[in-house]
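Guided by the hints, dock chain B onto chain A, whose structure is given.
Residue numbers (our numbering), protein chains in the order written: chain A, 1 to 448; chain B, 1 to 448.
Simulated from the structure, these hints should not be mistaken for lab results. Cβ coordinates follow ideal geometry from the N, Cα and C atoms, glycine included. One thing to keep in mind: the hints can contain errors.
[Stated by the list, open to error] Some residues of chain B that are not near chain A, with every Cβ distance over 12 angstroms (derived): (1) 37; (2) 91; (3) 113; (4) 144; (5) 193; (6) 198; (7) 221.
[Claimed, not checked] Cross-link-like lysine-lysine pairs, in silico, PhoX-like; alpha carbons within 25 angstroms at most: (8) B/342 / B/371; (9) B/167 / B/145; (10) B/29 / A/438; (11) B/446 / A/28; (12) B/316 / A/446; (13) A/316 / A/28; (14) A/438 / B/28; (15) B/438 / A/316; (16) A/54 / A/121; (17) B/2 / B/64; (18) B/28 / A/446; (19) B/438 / A/29; (20) B/371 / A/54; (21) B/29 / B/64; (22) A/145 / A/167; (23) A/446 / B/29; (24) A/64 / B/371; (25) A/342 / A/371; (26) A/38 / B/438; (27) B/446 / A/316; (28) A/64 / B/438; (29) A/342 / A/438.
Number of protein chains: 2
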Amino acid sequence: MKSDVLVIGSSAAGLVAATTAKRCYPEKKVVVVSRQPKTLVPCGIPYLFGALAKTDNDIMPVDKMFAGLGIELITGEVESVDREARQVTLADGKNIAYERLVLGTGSLPRQATFIAGAELKNVFYVPKDKVYLDGVLQQLENCQKIAVIGAGFIGVEVADELAQNDKQVTLIERLPTILPLAFDVDVASRVEQLLAERGVSVRTDVEVEHIGGSSAVDGVFLRDGSKIEADAVIMAVGYRPEVQLAQDAGLPISPLGFIRVDEYMRTEDPHIFAVGDCAEKRDFVTRKPVMTMLASTACAEARIAGMNLFGLSAIKTFNGTISIFSTAIGTTGIGIAGLTEKIAAEENFIYVTGAFEGIDHHPGTLAGTHKQYVKLVVGKESGVILGGEVYGGLSVGELINTIGIIIQSRMTVNGLLTAQLGTHPLLTASPAGYPLVKAAEDAAIKMR
Amino acid sequence: MKSDVLVIGSSAAGLVAATTAKRCYPEKKVVVVSRQPKTLVPCGIPYLFGALAKTDNDIMPVDKMFAGLGIELITGEVESVDREARQVTLADGKNIAYERLVLGTGSLPRQATFIAGAELKNVFYVPKDKVYLDGVLQQLENCQKIAVIGAGFIGVEVADELAQNDKQVTLIERLPTILPLAFDVDVASRVEQLLAERGVSVRTDVEVEHIGGSSAVDGVFLRDGSKIEADAVIMAVGYRPEVQLAQDAGLPISPLGFIRVDEYMRTEDPHIFAVGDCAEKRDFVTRKPVMTMLASTACAEARIAGMNLFGLSAIKTFNGTISIFSTAIGTTGIGIAGLTEKIAAEENFIYVTGAFEGIDHHPGTLAGTHKQYVKLVVGKESGVILGGEVYGGLSVGELINTIGIIIQSRMTVNGLLTAQLGTHPLLTASPAGYPLVKAAEDAAIKMR
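Looking at chain A on its own, in the form it has when it is part of the complex (with noise of 0.2 angstroms):
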C-alpha cells in the first residue's frame, strides 16, 4: 500500500498532524495506522474514575474526523520503520510506503519496578489504552481502599475522582507538596487543602518502601513504618515517550529519551517528522530540553508538522516550548503557565514576584464568586514576564492561556500595566481588582 503521509499514532498529535495534513495538503493520501480501533480523550482519562464513569463517554470521533476529510484510518501495529525503502511494515506483514512519516508514538506510564509489591495484582497504571483501562475500572469496582501513588496532575485528578466516587482514597507524595513539579508551594498548599476537605487523605514528604498483599494488594507500607490499607494502587509516578520504533529505525534519541527534533518537529531524516509526547521539546524561557508531555502541546506540534510537511509554511514566531497547564477540583480550578519561582530560582534568573489575591466575579455578592490567587514571575532588570500560577474558580482555564500568551508574546509588566483586559461581573474579577494586573503592580513596586 502506498501513501504520501503516514501517521502513526492516533491520539491527540497523530489526529492533528493527519487531519492538518489533508487539509493543507488536499491531494496527498494522508494513512493513520492506529493500534485500537477507538481512541480515548487523552486528557479525559482521569475522569474515567468518577465524572465519565466509562471509556465509551471518553472517544475522540477520530473514524468521522477522518472519515470526513477522507483520511484512511488503519488497526494495526507498526513493527518497523525502513528509511531506504520509505515504507512500514505492520505487525500483519502488510507494508505501507510513504513520502512523509509523522511518528506520534506517544508515552507510557513509567513502572515502578523500583517498588517492591509493584507486580502485585490491583496495582494498576494509566495508560492511553482503552482495553487496559476497560480492565481497572472493572477491578476497580470491587475495591474500596485506594491508594494513588504520586501527586502530579494525573495522580490528583484521579484522586480527587475516586474520592467522590465515594472510595477511601490515600494520595502518597515523595515531595514535601502535591504537584510538586508544576506549582509553588502558595498555590499547592491551597490545594491540598482543598482534597482534604474534599475527603482525600494526602500524605506528602513520604516514602513507599513496599506495597505489601500475598497475591493481591493489601496496603501500603511506609519507610516510617506506618502502613496505608488499601485493596488497590494506582501507580502516578510519570510517564516516559515510546521511542522503540524510532530508536530500531535509527534516529537519533535525546538524553532524556525523546526523539531528536528541530523547532519544525522534523527528525534527522527530511521524511520523518515526529510529534506530541515521543518528540523533544526545549523549555520556551530556560532553553533547556524539558520532560513536557501534555495534549495541548501535542496539539501545536502537529498542527506545526501537518503544515509544514512539504515546506516550512508555519513559521515559528514563538520559539520553544511553554508548559500551560490547568486543572480542576470541583468548582476550583488552577492553572500554571511558564515558570515557576522554584525553576527560576534553581535555573538562576534574576527575579521579583508579584502575587494577589481577589475574587472572580463582582460585587463579590454574585452566586458562584470564587477566590482568585494569582501571582507571576517577573525578570528584575528586564521586566518580563517568566511565569505565572492561578488558583481561582473555573474561568482559571482561559485565564492561564492569557498569561500563556502574555509569556510568549514576552511582553513586560509595563506592557501588561498599560494593556486592556475585559471584565464584566459575572465572568471576570473586577476591573479595579483584576488579580493579574495587581499582581503585575506588585511586581513593579518590587522592581523600583
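Then chain B, alone, in the frame of chain A:
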C-alpha cells in the same frame, strides 16, 4: 484645604487613579471628592434589576480601601476648577488646592428627549447613581410590563435580568439586530435567540413613534402603528461623557464630546489629567476617536495616570484603546475584542474572517459543556489579528482577554498557529478542536 493629588469621582476611574497614585507616591497627600457617600460597582448595575436585587449588594468598598491606604474621601460636589490658582471649589464653598488634579467625572445616560412622551412618569434611565436607582427599583416593584428601549449591552443585560425576575419584558431596537454596535450578526443572532428562549420579547428593526400615557406610561407606540403594552420604560439609548466641569475650566473638548487627553491621560493643562468615561479614546486598530466607555478601559487609563502623575514611568507599549466587552446571559457568555467584521469593512480594511464552532469542555459528555463559537477578523496580507468575537459558556470572559492580548501584541495568524495554549477537559475546549486555533486555521487557509 491642601492636597497633592486631588481626584474628582470615586467610580472605577477615580478609585484606581487614587489608589495607584498613593501606592506609587506614598509621600503625597491624596484626596478624593465623590458626590455620594457610597459608590456602586458600575458593571453590577444591570444586575440590580435581578440577581443583586438592591443597591446595597452592589457597593464598592471605596471607603475601606481609601482608609487602608491613607487616602482622604470627601463627599461633595465640585462646582468649579481654578486652573491658575490650582484649586477647586465645592458646592458648600470649601476650596481644595491641588498639585495634580485627576478628572474622573464619568458619563451620564443620554436623554431621550427626541422621543415624545419620554418625560412621563415611569420612564427611567440607568445612571451610576445609587439614590436615583433606589427610587427606580422601588417603583418597578409595582410594574409588570416593562419596555426596554435600546439593545446595547445595558439594554440586553437589564432586559434579561427583569425577565428572570418574572417581569414581562420587551426589548426594542431601531437597528436590524440587538447589540448592533458591538457584534456581527452571526453572534448577535445567537444572543437574540437565547434572549427569546429566556422570555424576553425582542423587537428589532422598529422605530419608537412615541411613549403613550396620561401621567404614567401605558405603552410604547411604534412607527408601524403597533403598540407595546408597558407600565414602565427603561431607556438604554447610550451614554455621554460628563465634561461640564472641564469645559467650564476651559479645557479642550473633542468633537465626540470627551476631554482631550494625550496617550498618558494628560489634558492640555500639565497639572490636570482625565481618566475613564469622560476622557478621549482612540481606537487601537482604526486609530480613530471612539465612544468606548467601559470600566475596564477606565481602570487601565486610571492606572496609567496614577503611575505617571509626577513623571512618565509607565511607558505605553500598546497604543490606543481596544474595546473588550463581555457579558453573560444565564450560562452563556459572549465577548468581543477589537474590530468586528462590520467595522473592518466600513473602515476599508482588506481582511479575511475565520470561524469555528466547537464545545468548551472535552469530551462533550462532561456536565456543563456549552457550544463555543469563535470568529476572528484578520488583515489579509499581514495576517495580523484585528478582532475576535466569542459565543460560548462562562469561560468566555477570560477567553476574550486571551484574544485581547493577542490583538494588542499584534500577533499574526501564523503566530497564533505556532503558539501554545493550555487545555483541560473540565475547563476548556479540546486541544485538537480549540475554536480559537481552528478559527485561525480557517483564516490561514483563506489567506492563501
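To see whether the hints hold, each was checked on the structure:
| no. | hint | result |
| --- | --- | --- |
| 1 | 37 | holds, 17 angstroms |
| 2 | 91 | holds, 27 angstroms |
| 3 | 113 | holds, 30 angstroms |
| 4 | 144 | holds, 25 angstroms |
| 5 | 193 | holds, 20 angstroms |
| 6 | 198 | holds, 14 angstroms |
| 7 | 221 | holds, 34 angstroms |
| 8 | B/342 / B/371 | holds, 24 angstroms |
| 9 | B/167 / B/145 | holds, 6 angstroms |
| 10 | B/29 / A/438 | holds, 22 angstroms |
| 11 | B/446 / A/28 | holds, 19 angstroms |
| 12 | B/316 / A/446 | holds, 20 angstroms |
| 13 | A/316 / A/28 | holds, 24 angstroms |
| 14 | A/438 / B/28 | holds, 21 angstroms |
| 15 | B/438 / A/316 | holds, 17 angstroms |
| 16 | A/54 / A/121 | holds, 21 angstroms |
| 17 | B/2 / B/64 | holds, 22 angstroms |
| 18 | B/28 / A/446 | holds, 19 angstroms |
| 19 | B/438 / A/29 | holds, 22 angstroms |
| 20 | B/371 / A/54 | holds, 23 angstroms |
| 21 | B/29 / B/64 | holds, 17 angstroms |
| 22 | A/145 / A/167 | holds, 6 angstroms |
| 23 | A/446 / B/29 | holds, 22 angstroms |
| 24 | A/64 / B/371 | holds, 19 angstroms |
| 25 | A/342 / A/371 | holds, 24 angstroms |
| 26 | A/38 / B/438 | holds, 23 angstroms |
| 27 | B/446 / A/316 | holds, 20 angstroms |
| 28 | A/64 / B/438 | holds, 18 angstroms |
| 29 | A/342 / A/438 | holds, 21 angstroms |
Hint check: no violations occur; every hint is consistent with the structure.
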